[in-house]
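*Asks:* The chain contents come next:
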Amino acid sequence: MGENNWRLNTQKGLILGYYSIFIGLTYYLTAVYNSNLLLKLDELSIFLSTQLFLIDHLREPAGLLSYLGAFLNQFFYYPRLGSALFILALITVQYVSYKAFKIPPKYYLLSFIPPAALLLLVTQLDYVIYEFIANGFAYSNVIGVLLTCFSLWMFHRIKPQWLKYVFSLLYILVFFPLAGFYALLAALLFIISEIGTFLNNNKKRESLIVLSLLVLTLILVPIWYYQKIFQVSLKGIYTAGLPEFKLSKIEFLYWLPILILTLSFLFFSVRSFFNKTVLKSNSSTYISFTAGLVMLFVVYRFSNKDENFHSELAIDQAIFNNNWPEVLKLERKIKGEPSKFIVLGTRLALQKMHKAGDLMFTRKQGGKKQNSIRELLLWSYAAQPLFYNYGMLSDCYRWSMEDMARYGPKVQYLRYMVKCCILNDELILAEKYNSLLMKTLFHKKWAKEYQKYIDHPERIESNSEFKSNLLLYTFSDGLVTDYGNLDNYILTRLASVSGGDLKLLELSMQSLLLLKDKDRFWPFFFLYLKKHDKIPIHYQEAAIFFSQKNKNIDISKIPLDEGIVKKFYQAHKNIPEHNAQEHFGKLYGDTYWYYLYYGKP
Amino acid sequence: MKQFFYLLISITALVSCTLQTPVDFSLAEGNIEIFPDYTNITVPYNIVPMNFRINEEADNYITKISSTNEEDIIIKGKEVSIPLKRWTKLLRTNKGENLAYDVYVKQHGKWKKYNFNNTIANEPIDEYISYRLIEPSYKLYKKISINQRNLTNFNEDKIYSSPVKWQCVNCHAYQDYNRKGNMHLHLRGNDGGTIITYDGTVEKINLKTEELKKGGAYVSWHPIEKLIAYSMNDIGQSFHTKDNQKVEVQDTHSDLILYDVDKNEIRYIIESKDSLETFPSWAPDGKTLYYVSATLSPELSKAFRKSRDGYKEIKYSIYKMSFNPETKRFGEPEIVFDAAARGKSATFPKISPDGKYLMFTMAEYGNFHIWHKSANLYTINIETNELDSMAIVNSPDVESYHSWSSNGRWFIFSSRRIDGSYTRFYISYFDKNGMAQKPFILPQKYSEFYKQFLKSYNLPEFMVAPVNYSYRDFAIDGSGKRAIFSDGE
Numbered sequence: 010m011g012e013n014n015w016r017l018n019t020q021k022g023l024i025l026g027y028y029s030i031f032i033g034l035t036y037y038l039t040a041v042y043n044s045n046l047l048l049k050l051d052e053l054s055i056f057l058s059t060q061l062f063l064i065d066h067l068r069e070p071a072g073l074l075s076y077l078g079a080f081l082n083q084f085f086y087y088p089r090l091g092s093a094l095f096i097l098a099l100i101t102v103q104y105v106s107y108k109a110f111k112i113p114p115k116y117y118l119l120s121f122i123p124p125a126a127l128l129l130l131v132t133q134l135d136y137v138i139y140e141f142i143a144n145g146f147a148y149s150n151v152i153g154v155l156l157t158c159f160s161l162w163m164f165h166r167i168k169p170q171w172l173k174y175v176f177s178l179l180y181i182l183v184f185f186p187l188a189g190f191y192a193l194l195a196a197l198l199f200i201i202s203e204i205g206t207f208l209n210n211n212k213k214r215e216s217l218i219v220l221s222l223l224v225l226t227l228i229l230v231p232i233w234y235y236q237k238i239f240q241v242s243l244k245g246i247y248t249a250g251l252p253e254f255k256l257s258k259i260e261f262l263y264w265l266p267i268l269i270l271t272l273s274f275l276f277f278s279v280r281s282f283f284n285k286t287v288l289k290s291n292s293s294t295y296i297s298f299t300a301g302l303v304m305l306f307v308v309y310r311f312s313n314k315d316e317n318f319h320s321e322l323a324i325d326q327a328i329f330n331n332n333w334p335e336v337l338k339l340e341r342k343i344k345g346e347p348s349k350f351i352v353l354g355t356r357l358a359l360q361k362m363h364k365a366g367d368l369m370f371t372r373k374q375g376g377k378k379q380n381s382i383r384e385l386l387l388w389s390y391a392a393q394p395l396f397y398n399y400g401m402l403s404d405c406y407r408w409s410m411e412d413m414a415r416y417g418p419k420v421q422y423l424r425y426m427v428k429c430c431i432l433n434d435e436l437i438l439a440e441k442y443n444s445l446l447m448k449t450l451f452h453k454k455w456a457k458e459y460q461k462y463i464d465h466p467e468r469i470e471s472n473s474e475f476k477s478n479l480l481l482y483t484f485s486d487g488l489v490t491d492y493g494n495l496d497n498y499i500l501t502r503l504a505s506v507s508g509g510d511l512k513l514l515e516l517s518m519q520s521l522l523l524l525k526d527k528d529r530f531w532p533f534f535f536l537y538l539k540k541h542d543k544i545p546i547h548y549q550e551a552a553i554f555f556s557q558k559n560k561n562i563d564i565s566k567i568p569l570d571e572g573i574v575k576k577f578y579q580a581h582k583n584i585p586e587h588n589a590q591e592h593f594g595k596l597y598g599d600t601y602w603y604y605l606y607y608g609k610p
Numbered sequence: 070m071k072q073f074f075y076l077l078i079s080i081t082a083l084v085s086c087t088l089q090t091p092v093d094f095s096l097a098e099g100n101i102e103i104f105p106d107y108t109n110i111t112v113p114y115n116i117v118p119m120n121f122r123i124n125e126e127a128d129n130y131i132t133k134i135s136s137t138n139e140e141d142i143i144i145k146g147k148e149v150s151i152p153l154k155r156w157t158k159l160l161r162t163n164k165g166e167n168l169a170y171d172v173y174v175k176q177h178g179k180w181k182k183y184n185f186n187n188t189i190a191n192e193p194i195d196e197y198i199s200y201r202l203i204e205p206s207y208k209l210y211k212k213i214s215i216n217q218r219n220l221t222n223f224n225e226d227k228i229y230s231s232p233v234k235w236q237c238v239n240c241h242a243y244q245d246y247n248r249k250g251n252m253h254l255h256l257r258g259n260d261g262g263t264i265i266t267y268d269g270t271v272e273k274i275n276l277k278t279e280e281l282k283k284g285g286a287y288v289s290w291h292p293i294e295k296l297i298a299y300s301m302n303d304i305g306q307s308f309h310t311k312d313n314q315k316v317e318v319q320d321t322h323s324d325l326i327l328y329d330v331d332k333n334e335i336r337y338i339i340e341s342k343d344s345l346e347t348f349p350s351w352a353p354d355g356k357t358l359y360y361v362s363a364t365l366s367p368e369l370s371k372a373f374r375k376s377r378d379g380y381k382e383i384k385y386s387i388y389k390m391s392f393n394p395e396t397k398r399f400g401e402p403e404i405v406f407d408a409a410a411r412g413k414s415a416t417f418p419k420i421s422p423d424g425k426y427l428m429f430t431m432a433e434y435g436n437f438h439i440w441h442k443s444a445n446l447y448t449i450n451i452e453t454n455e456l457d458s459m460a461i462v463n464s465p466d467v468e469s470y471h472s473w474s475s476n477g478r479w480f481i482f483s484s485r486r487i488d489g490s491y492t493r494f495y496i497s498y499f500d501k502n503g504m505a506q507k508p509f510i511l512p513q514k515y516s517e518f519y520k521q522f523l524k525s526y527n528l529p530e531f532m533v534a535p536v537n538y539s540y541r542d543f544a545i546d547g548s549g550k551r552a553i554f555s556d557g558e
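Read top to bottom, the protein sequences are chains E and S.
The working numbering applies: residue 10 is where the first sequence begins, and numbers increase by one.
The working numbering applies: residue 70 is where the second sequence begins, and numbers increase by one.
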């Protein structure tokens with residue numbers, strides 16, 4: 010008796026302890042470590058409280074999942090609230106899995122495998138998030154799993170055999186268009202459950218007929234929907250409702266959570282066939298606990314911990330909020346080689362803070378490759394913030410539209426479109442996009458703020474962000490085609506500016522420095538001298554260097570800093586033959602000269 | 070439960086029977102603002118209910134729709150959502166009559182009445198239209214579909230959409246308003262080709278041959294013969310860095326070609342180096358082919374290819390060529406409308422079914438008028454050569470592609486007039502004297518639809534019958550049967 014109590018108490022303690030660890034880890038991996046990812050997941054989705062939005066979703070296979078997913082996903086707007094809700098959803102998944110699969114109490118912790126897989130589905134995410142079409146990624150699978158478990162639980166409660174078949178048939182017919190893969194998974198679990206009945210049943214013939222009919226239904230119903238209702242590919246019909254990862258070797262790792270989830274369900278289902286207890290209760294508890302810990306380790310191990318990815322998300326948020334000091338702070342924290350977007354974001358922040366002339370070549374340069382299963386071009390995720398803040402409003406609008414054409418309307422695109430349309434004097438169009446944001450639960454507040462500028466465009470001048478970007482929009486119109494990398498495209502466009510506001514011209518000069526264009530540098534430089542008293546360090550460095558290359562340029566009357574001139578001559582004395590870059594970098598890595606010799610635009 | 074249900078039905082019935090217009094009201098000054106604007110228009114008697122929203126803020130609203138015959142329709146609320154059956158009955162029993170709208174709004178406890186009138190035309194509109202739904206996009210796409218819509222109700226379905234094989238779909242066209250189910254569709258990208266349905270068969274054709282590497286682009290079915298005229302274009306796309314006209318599409322080369330469905334043969338109609346021919350369009354009798362053409366000097370061509378310079382210098386005029394259906398020979402090109410001489414550029418020539426009018430789109434330059442704010446619709450009376458600028462139809466924004474109904478009394482066209490970006494369809498009555506009337510937007514079930522819908526309506530085509538093929542019929546693997554080039558001898 011005493012030993013039993015002790016065992017029960019130990020078991021309860023282990024379970025409670027595991028709940029605490031699971032909740033703690035989930036909270037850490039969502040609200041703490043991935044708060045910017047949660048914000049981005051919200052921005053790359055949308056939920057509108059309109060009839061049309063519902064109809065649009067229900068027209069797609071598994072549309073109910075993404076509709077409900079989108080509703081819950083919007084709570085990531087407040088990462089802590091979103092995380093709490095997500096934890097609640099995962100705990101519900103755990104509990105209904107436990108109930109639906111009738112997992113014995115001694116294996117209780119195994120019921121944490123499905124929610125852990127669903128957690129990993131979110132925490133493993135990388136740049137692939139930018140290519141999701143369906144709304145509500147984080148939750149649509151959670152809802153799919155809940156539906157599967159509830160359906161199985163209901164199926165188990167039906168006693169007459171014929172009613173089970175009718176239920177299954179109706180279930181697939183009704184729920185397949187709404188839940189796609191998860192309805193099929195539930196149907197597959199019905200079949201497995203029936204196999205169990207078949208094995209323990211005397212009426213084998215009847216059971217076999219029912220089983221065969223169920224299998225046929227499972228195969229034919231999706232084909233019928235494929236042939237008659239949904240205009241998608243055959244692959245698309247069977248995988249509807251699943252994440253939009255590619256079914257390829259390269260993207261296999263993305264599928265790991267879904268694989269674990271499905272296998273765990275299959276395991277739970279077939280487990281009941283072998284109901285005889287082989288292991289001692291103690292051992293089963295420890296096995297169950299170990300399996301639970303292994304699962305948590307898998308979640309942690311395969312969660313995306315890429316420094317650059319997380320920094321980029323944070324920098325993107327800071328850019329959107331015009332929090333330029335924060336961008337610099339985030340960049341300073343980076344330990345490894347920064348990605349191109351981080352370099353560009355930092356440069357943009359320096360330019361916005363009017364510090365680029367002194368500091369742009371002092372920051373870390375780099376272009377570390379994405380640590381991502383699916384690699385994306387910079388255009389896919391950096392175009393909108395960069396174009397917008399460089400006053401290239403038509404380009405920003407264009408890439409918001411290109412993304413919307415590919416991935417559907419999302420909060421991120423709509424917000425940039427609203428801003429661009431306001432500045433481009435397309436107020437009716439701005440109102441169209443803004444009215445959609447007004448129909449969201451949380452972005453309504455933002456939309457209300459921007460509606461003021463739509464209703465009163467004269468207020469644009471009082472908004473410093475608008476004012477600054479409008480000044481950069483003073484170039485004249487031209488026709489362009491796509492070419493090269495995003496960073497090169499921006500530099501070339503800025504460098505090609507021949508007139509406009511002084512701030513735009515300074516940006517243009519900085520772009521010429523980055524492009525190492527010594528000839529076109531001079532007119533901009535002399536104009537800068539006329540309009541400013543102080544010459545930033547990098548401009549002086551450029552002037553000294555370029556004047557050496559072009560003796561026709563006289564810089565003797567320019568009030569250059571003697572220290573910089575001296576530094577230039579020192580830098581070019583006694584350069585070692587070997588390891589010149591290392592030597593030069595150590596002493597002059599923060600100068601424009603180093604960039605000229607070793608840097609890439 | 071049952072009792073409650075009956076009670077609910079009784080109350081609903083009572084409310085709907087007793088809804089009456091206010092007796093005590095004042096007449097409002099000015100016009101009521103409704104969206105969409107369905108005021109003072111001529112409507113076909115077989116059109117779907119034209120639901121709208123009253124824009125004026127008030128405490129209560131009642132709208133009465135009435136005509137000479139049949140019961141009035143009275144609707145309460147800001148959203149005027151008209152019952153389909155009663156609307157259909159009202160319109161069909163009042164052909165040629167006035168359709169009166171009384172809109173009562175209650176503000177500060179007092180009712181005031183606005184009213185406006187529409188006319189119910191004697192002539193029906195073709196029951197179906199088909200079109201492409203696509204974002205007002207630049208280059209990239211994911212979900213594009215060719216849809217068909219029944220104009221007598223709100224039913225809409227997809228004829229074919231890109232996710233079937235992840236293709237771009239465009240240039241849907243029909244022979245003689247799809248009377249016999251003869252249809253055309255281009256599929257681009259993965260498993261690209263041209264779908265042609267004829268006499269119940271569906272074939273996928275590869276129109277690109279060794280001699281005609283670009284294949285067919287803009288299309289026009291011969292109204293009677295098994296012949297399809299295409300333009301063959303070398304198309305370039307570029308983007309404005311500032312201008313709100315956003316996209317510019319230019320041809321650097323284009324000719325006209327003819328595809329013989331029976332023989333699977335393709336040949337030149339016009340092959341030229343110094344001019345750009347495009348947008349072929351058969352006259353309803355099939356004895357004339359209309360098209361537009363622009364002069365392209367070698368210098369301009371060079372500048373154009375290099376830096377897109379000079380795109381505003383390209384001006385298209387309207388031409389025609391006679392065609393002998395027996396010999397399948399074309400006559401010499403004749404100019405029909407010299408838009409270039411006026412410093413303008415004309416596209417999409419379309420002859421009315423009675424052969425009396427030529428409708429076209431004209432803007433300042435180029436041929437991609439869907440992005441040109443100056444693009445407007447015009448008609449020319451073929452007999453008198455009189456040009457009509459159709460002021461009542463056009464707007465300050467884009468008016469572009471247009472299509473005549475089979476009886477010639479209606480035309481549908483695309484316009485960006487609502488917001489400058491999303492093209493919507495407008496339908497206008499065209500009377501026997503060649504006068505167009507105020508257009509109205511294609512009705513939708515929800516009045517807010519156009520404000521929320523984020524796709525453009527593209528290339529409207531009237532049809533007298535729906536496309537009855539399944540999208541699976543069009544999902545043919547491979548690039549299709551290769552057309553054979555003929556030198557025309």
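Just so you know, the hints here were simulated from the structure itself, not pulled from any lab data.
Be careful, since some hints might not be right.
Claimed, not checked - Computed spacing ranges between beta-carbons, pair by pair:
1) S:Lys154 / E:Val183: 28 to 34 angstroms
2) S:Asp106 / E:Lys454: 56 to 62 angstroms
3) S:Asn124 / E:Gly608: 25 to 31 angstroms
4) E:Arg68 / S:Glu279: 39 to 45 angstroms
5) S:Lys208 / E:Leu225: 43 to 49 angstroms
Where is the CB? At the ideal position from N, CA and C, for every residue including glycine.
*Asks:* Work down the list of hints and note, for each, if the structure agrees.
*Replies:* Against the structure, the hints:
1. S:Lys154 / E:Val183: 28 to 34 angstroms: holds, 29 angstroms
2. S:Asp106 / E:Lys454: 56 to 62 angstroms: Given about 32 angstroms between the Cβ atoms, the range is violated.
3. S:Asn124 / E:Gly608: 25 to 31 angstroms: violated, 58 angstroms
4. E:Arg68 / S:Glu279: 39 to 45 angstroms: holds, 43 angstroms
5. S:Lys208 / E:Leu225: 43 to 49 angstroms: The hinted range 43 to 49 angstroms holds for Lys208 of chain S and Leu225 of chain E, with Cβ atoms some 45 angstroms apart.
Checked against the numbered hints given earlier, the structure breaks hints 2 and 3 and satisfies all the rest.
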